[in-house]
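Peer 1: For reference, the chains in residue letters:
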Amino acid sequence: AQSVTQPDIHITVSEGASLELRCNYSYGATPYLFWYVQSPGQGLQLLLKYFSGDTLVQGIKGFEAEFKRSQSSFNLRKPSVHWSDAAEYFCALSQGAQKLVFGQGTRLTINP
Amino acid sequence: SAVISQKPSRDICQRGTSLTIQCQVDSQVTMMFWYRQQPGQSLTLIATANQGSEATYESGFVIDKFPISRPNLTFSTLTVSNMSPEDSSIYLCSVEEAPNTIYFGEGSWLTVV
Numbered sequence: 001a002q003s004v005t006q007p008d009i010h011i012t013v014s015e016g017a018s019l020e021l022r023c024n025y026s027y028g029a030t031p032y033l034f035w036y037v038q039s040p041g042q043g044l045q046l047l048l049k050y051f052s053g054d055t056l057v058q059g060i061k062g063f064e065a066e067f068k069r070s071q072s073s074f075n076l077r078k079p080s081v082h083w084s085d086a087a088e089y090f091c092a093l094s095q096g097a098q099k100l101v102f103g104q105g106t107r108l109t110i111n112p
Numbered sequence: 113s114a115v116i117s118q119k120p121s122r123d124i125c126q127r128g129t130s131l132t133i134q135c136q137v138d139s140q141v142t143m144m145f146w147y148r149q150q151p152g153q154s155l156t157l158i159a160t161a162n163q164g165s166e167a168t169y170e171s172g173f174v175i176d177k178f179p180i181s182r183p184n185l186t187f188s189t190l191t192v193s194n195m196s197p198e199d200s201s202i203y204l205c206s207v208e209e210a211p212n213t214i215y216f217g218e219g220s221w222l223t224v225v
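Heads up: the sequence lines are chains D and V, in that order.
Once you know that position 52 of the first sequence is 52 in the working numbering, the rest is easy, because the numbers rise by one and skip nothing.
Once you know that position 112 of the second sequence is 224 in the working numbering, the rest is easy, because the numbers rise by one and skip nothing.
Chain V with its partners taken away, still in its complex shape:
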C-alpha cells in the first residue's frame, strides 16, 4: 500500500491560533480524505479533496474552519482555524489506493490548550 506521511505527528497549540497539517503520499492518488477522531471516539469524515477542484465537506464541517488544499496528486493540507479545546483530536489523512479501499496515515495528534 501507499506510504502516507503526515506532519506534524503531534502538536500542542494555543487556543485562537491555526495549525496546518500536511499529508504526503509516495504515489499519485486521485482521492484524498481527511478524518477527525475526537478523544475516545470513532472517526468522522471531514472532507474529500480531489486535485483541481474544491474540497467537498461533510455535514457539520465548513471551509472557513477547515480549509483544505490539494495542489497535486501526492499532497494535501488541512488547516484547523481559530482552534478551541474542542478541536483537540487526531486528524487523519487517507487515500483511495485500490478501488473502494482506503488507507490511512499515522495521524496528527493535536491538543489545544
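So that you can see chain D by itself, here it is in the shape it has in the complex:
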C-alpha cells in the first residue's frame, strides 16, 4: 500500500536560514507528489506538485522540491526562511485516483 513518511515532526530554524523538509514515499510506480502548507488556524494551501518531467519543481512562496526516484524522496527546500513560513507542512501522494495520502506533517518554527 502507498504511504508517506515525514521523519521530522518538528523543526526549528532561524529566520534567514535555509530549510529542508524531508518526505519519503512508498508506492509501486511514480506517484503524483504534493506539498501543502497549513498556517495556524487555516486550511491547506498547495505549495507545489510533481507529476513527471523535470525532477526539480518550483512552487509558490520561494519553495522548491526535488523528486529522487532512487531514494523515494520528495524533499521541500527554501534557501532563506521568513517568520511567516512558520506553519505545518504536509507531503502527500496520489495514484491518479484523486485520493490523497498524507504524511504526518512537519511543524516548522522560526526563531527570530
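Check each hint, because a few of them may be wrong.
Straight-line alpha carbon distances no greater than 30 Å define the calculated DSSO-like cross-link-like pairs of lysine-lysine that follow [claimed, not checked]:
| no. | chain 1 | residue 1 | chain 2 | residue 2 |
| --- | --- | --- | --- | --- |
| 1 | D | Lys99 | D | Lys68 |
| 2 | V | Lys119 | D | Lys99 |
| 3 | V | Lys119 | V | Lys177 |
| 4 | D | Lys49 | D | Lys68 |
| 5 | D | Lys61 | V | Lys119 |
| 6 | D | Lys99 | D | Lys49 |
| 7 | V | Lys119 | D | Lys49 |
| 8 | D | Lys61 | D | Lys49 |
| 9 | D | Lys99 | D | Lys61 |
| 10 | V | Lys177 | D | Lys99 |
To be clear, the hints were calculated from the coordinates, so they are not data collected in a lab.
Since the structure of chain D is already known, use the hints to place chain V on it.
Peer 2: Leaving out everything else, chain V in the frame of chain D:
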C-alpha cells in the same frame, strides 16, 4: 485556483447532536472530497462526492455517521451525526480543479462537548 468556502468555520456542539457543514465552490467541479483532520493529526479522506451519484466512503467511514449531499456541481454538504467528543476535528472540503490537483477550503473547526 477555485475559491472554496465552508460554513461554519467554527462551532461548538453538544454530544448527541448533528451538524451539517456546507461547502461552496465558485466554479463547477466534477469531484469534491471531504477530509478529516483530528487534533494534532494528519488528514484522512472521508468520502468522495460526485454530482448525481452516491458518495463513495473510505474504510472506517459510513454513510449513517457522515451523510453527504452533492446537489449540483458547486455545492456539497457533510453532516456529522450523533456527535461524540471523538468527532472533534477539522473537516475540510476539497475539489479537483486541474487534473489530479486538489485544492482545499479553509476548514470547519468542530469541537464536541
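Peer 1: State for each hint whether it applies.
Peer 2: Each hint, compared with the structure:
1. A C-alpha spacing of about 22 Å is found between Lys99 (chain D) and Lys68 (chain D), which places the hinted pair at or below 30 Å, so the restraint holds.
2. A distance of roughly 23 Å separates the Cα atoms of Lys119 (chain V) and Lys99 (chain D); the hinted pair therefore holds under the 30 Å criterion.
3. In summary, the hint linking Lys119 (chain V) to Lys177 (chain V) is supported, as the alpha carbons are separated by about 19 Å, within the 30 Å threshold.
4. Between Lys49 (chain D) and Lys68 (chain D), the direct Cα distance comes to roughly 14 Å. Compliance with the 30 Å bound is thereby established for this hinted pair.
5. Straight-line distance between C-alpha atoms of Lys61 (chain D) and Lys119 (chain V) comes to about 28 Å, which keeps the hinted pair within the 30 Å bound.
6. Annotation: proposed proximity of Lys99 (chain D) to Lys49 (chain D) holds, straight-line Cα distance about 15 Å (limit 30 Å).
7. With a C-alpha separation of about 28 Å, the suggested pairing of Lys119 (chain V) with Lys49 (chain D) holds against the 30 Å cut-off.
8. For a cut-off of 30 Å, the pair hint linking Lys61 (chain D) to Lys49 (chain D) stands: about 14 Å separates their Cα positions.
9. Simply put, Lys99 (chain D) and Lys61 (chain D) have alpha-carbon atoms about 25 Å apart, close enough for the 30 Å limit, and the pair holds.
10. With a C-alpha separation of about 21 Å, the suggested pair Lys177 (chain V) and Lys99 (chain D) falls inside the 30 Å cut-off, and the hint holds.
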